[in-house]
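Novice: Generate coordinates for the entire structure from the input sequences, incorporating the hints supplied.
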Amino acid sequence: MIEVRAQKQLGEFRLDAAFEAPAGVTALFGRSGAGKTSLANAVAGLLRPEAGRIAVDGTVLFDSARRIDLPVRHRRIGYVFQDARLFPHRTVARNLSYGGRHDAARVIEMLGLGPLLDRYPAALSGGEASRVALGRALMSDPVMLILDEPLSALDAPRKAEILPYLERLRDTVRLPILYVSHSASEVARLATTLVIMEAGRVLRVGPAEEVMADPAAVPLLGVQEAGSLITARVEAYDAEDDLTELALSAGRLLLPGRAGVPGQPLRLRIAAQDVILSLEEPSGLSALTRLPVTVTRVEEGRGPGVAVGLAAGTDRLLARLTRRSARSMGLAPGQQVWAIVKATAVAPQDVGG
Amino acid sequence: MQWLGPEEWAAVRLSLRVSAMATLCSLPLGLLVAQALARGRFAGRGVLNALVHLPLVLPPVVTGYLLLLALGRRAPLGAWLAERGIAFAFSWTGAALAAAIMGFPLMVRAMRLGIEGVDPRLEQAAATLGASRLRIWLTVTLPLALPGILAGTILAFAKAMGEFGATITFASNIPGETRTVPLAIYEFLQVPGGEGAALRLVAVSLVLALGAVAASEALAQRSAARRRG
Chain L
1 MIEVRAQKQL GEFRLDAAFE APAGVTALFG RSGAGKTSLA NAVAGLLRPE AGRIAVDGTV
61 LFDSARRIDL PVRHRRIGYV FQDARLFPHR TVARNLSYGG RHDAARVIEM LGLGPLLDRY
121 PAALSGGEAS RVALGRALMS DPVMLILDEP LSALDAPRKA EILPYLERLR DTVRLPILYV
181 SHSASEVARL ATTLVIMEAG RVLRVGPAEE VMADPAAVPL LGVQEAGSLI TARVEAYDAE
241 DDLTELALSA GRLLLPGRAG VPGQPLRLRI AAQDVILSLE EPSGLSALTR LPVTVTRVEE
301 GRGPGVAVGL AAGTDRLLAR LTRRSARSMG LAPGQQVWAI VKATAVAPQD VGG
Chain F
1 MQWLGPEEWA AVRLSLRVSA MATLCSLPLG LLVAQALARG RFAGRGVLNA LVHLPLVLPP
61 VVTGYLLLLA LGRRAPLGAW LAERGIAFAF SWTGAALAAA IMGFPLMVRA MRLGIEGVDP
121 RLEQAAATLG ASRLRIWLTV TLPLALPGIL AGTILAFAKA MGEFGATITF ASNIPGETRT
181 VPLAIYEFLQ VPGGEGAALR LVAVSLVLAL GAVAASEALA QRSAARRRG
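Just so you know, the sequences run in chain order L and F.
FYI, the UniProt record's numbering numbers position 68 of the first sequence as 68, with every residue one higher than the one before it.
FYI, the UniProt record's numbering numbers position 7 of the second sequence as 7, with every residue one higher than the one before it.
Don't take every hint at face value.
[Stated by the list, open to error] A short, non-exhaustive set of chain L residues, derived as facing chain F with CB atoms under 8 Å: (1) 44; (2) 72; (3) 85; (4) 89; (5) 98.
[Claimed, not checked] Some residues of chain L that are not near chain F, with every Cβ distance over 12 Å (derived): (6) 65; (7) 78; (8) 99; (9) 115; (10) 199; (11) 205; (12) 254; (13) 338; (14) 350.
For the record, the hints were derived by calculation from the structure and aren't laboratory data.
All figures in this text were calculated on a predicted structure; none of them were measured in a lab.
Beta carbons: idealized from backbone N, C-alpha and C, even for Gly.
Specialist: What follows is the structure in structure tokens.
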């Protein structure tokens, strides 16, 4: 449980943000300059708010009314900075042990750091440096982790290398994690709770699935980034066509390649712009996945687009179409339509465990 | 060293002793002042900065004379110290004090640059890992600023080896007590036939200066090579 309320004037910029989040991964999402890092720094104690209150699992770290301001070093918050900030004069092993040797063997094993221990940070790739920074934070025995865009400096293959580690972390280390990001696909893969920030303020807080599937949140996430999160189970893998069949609550979805072993649960993000709607059951289309869905909400955007919320069994989908299409189809809440998802549209980085 | 006469040899030994003493004693204070000037935000920072730099811009003779006024045998502070067995004027410790003060601005400047070059974000990272301010300074700031700190130390030592004006004014020119190499060279040049001795001491000064520069260069190379991995 994280409780954050912080106000601070930083030059022209005013940070005035508050949210509460349950255990799990809380994503601070927003554009650059939205105040995500400032808010994370306030939690870590690197930035002192003028007023506010910050508590993690009942421990008060900062409370302006009660004049509590725990020094950074006593907050026990493992902070993985955007730029890793490894000590250049220490080997990986001595970077890792700087804050302690908590659970060292398991952390080194989990993050695959064994072969790097004798190297200096200058000899590490971006992905390796991120892993070392994460290991260093974990070994200091923190009560909470802050990950500030740990993937933003990495190219796509390196991101794909780190994301599974973060998923393992979420599922095995029972630590509250504050994850700062401006990437919807990272948020979709990792977040339990989504906090959307803009211009120093919190616009929206809620469970990630709910916020991401809410048509009203589309302008906040950005039309390119909007998309819903669904949970699926791997059903079978067709080796001949190299397709994985997933079971959703409303039907089946085919993904290219091998996405997992049968029975394995998956979380995937389906971008709103990759969902097509049809009034009748489609046939003769090259897209392989079609799901019967119910329109739950039609939300007009600022531009020519419309975001449509859909119920697909117990999952929620989000589709984005032009206002003209929505009007000509006569879309309204309660209506039964078909959603078509192109199998290749689900990007590999949007499929997670 | 057969080719150095006893008088010359005494000057070399004294110079090394005076310079080592001056450097070692000003090292802790130099680090403290450099840290304060690099990172501190306090009232009087400008005054401290000016005070540290004063010996660099004042004529050395003036610095020496001011020291004599403050710590001479007839000055209240000097007399008070002399009663407790600490005499600076006309003794080798006085020469060391003069050398330390003259080298101090150079020492602090180089150390300050070294400390300012350390990324404060690394110190923040250390704090999030639970390190105290002292531990951060010892394990992050100090080792990363080491090239600058070494450069400052070597500069101060070299300055001490060459110090003339403040030493001769404050500590005088007493053979075996305050006649360091530069004073001895000056002395030899005043007497007929002293050029040979003077030249030998010039050669010693050159060797020591070049050795110091080479040593600092080698240390800087080594720490840079290690950081490249």
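Novice: Return the status of the interface hint for residue 44 (chain L): holds when the least beta-carbon distance to chain F is below 8 Å, violated otherwise.
Specialist: With a minimum Cβ separation of about 6 Å from chain F (threshold 8 Å), the hint on residue 44 (chain L) holds.
Novice: Grab the minimum beta-carbon distance between residue 205 (chain L) and chain F and tell me whether it stays above 12 Å.
Specialist: holds (25 Å)
Novice: Does the claim that residue 199 (chain L) lies outside the interface with chain F hold up, using a Cβ gap greater than 12 Å?
Specialist: Answer for residue 199 (chain L): holds, closest chain F Cβ roughly 25 Å.
Novice: Is the hint on residue 89 (chain L) kept, meaning its closest Cβ partner in chain F is under 8 Å away?
Specialist: OK, holds: residue 89 (chain L) within 8 Å of chain F, min 5 Å.
Novice: Should the label of residue 65 (chain L) as a non-interface residue stand, given a Cβ cut-off of 12 Å to chain F?
Specialist: About 25 Å separates residue 65 (chain L) from the closest Cβ of chain F, which puts it past 12 Å; holds.
Novice: Regarding the hint that residue 98 (chain L) lies at the interface with chain F, is the smallest CB-CB distance below 8 Å?
Specialist: With a minimum Cβ separation of about 5 Å from chain F (threshold 8 Å), the hint on residue 98 (chain L) holds.
Novice: If I take the minimum Cβ distance from residue 254 (chain L) to any residue of chain F, is it greater than 12 Å?
Specialist: holds (45 Å)
Novice: Is residue 350 (chain L) truly not at the interface, in the sense that its beta carbon sits beyond 12 Å from all beta carbons of chain F?
Specialist: holds (31 Å)
Novice: Find the nearest Cβ of chain F to the Cβ of residue 338 (chain L) and say whether that gap is larger than 12 Å.
Specialist: holds (51 Å)
Novice: When you look at the beta carbon of residue 78 (chain L), is every beta carbon of chain F farther off than 12 Å?
Specialist: violated (7 Å)
Novice: Is it the case that residue 99 (chain L) keeps its Cβ farther than 12 Å from each residue Cβ in chain F?
Specialist: violated (3 Å)
Novice: Does the no-contact call for residue 115 (chain L) survive, Cβ to all of chain F over 12 Å?
Specialist: With a cut-off of 12 Å, residue 115 (chain L) remains clear of chain F, as the shortest Cβ separation is near 14 Å.
Hint violations for this structure: numbers 7 and 8, all remaining hints satisfied.
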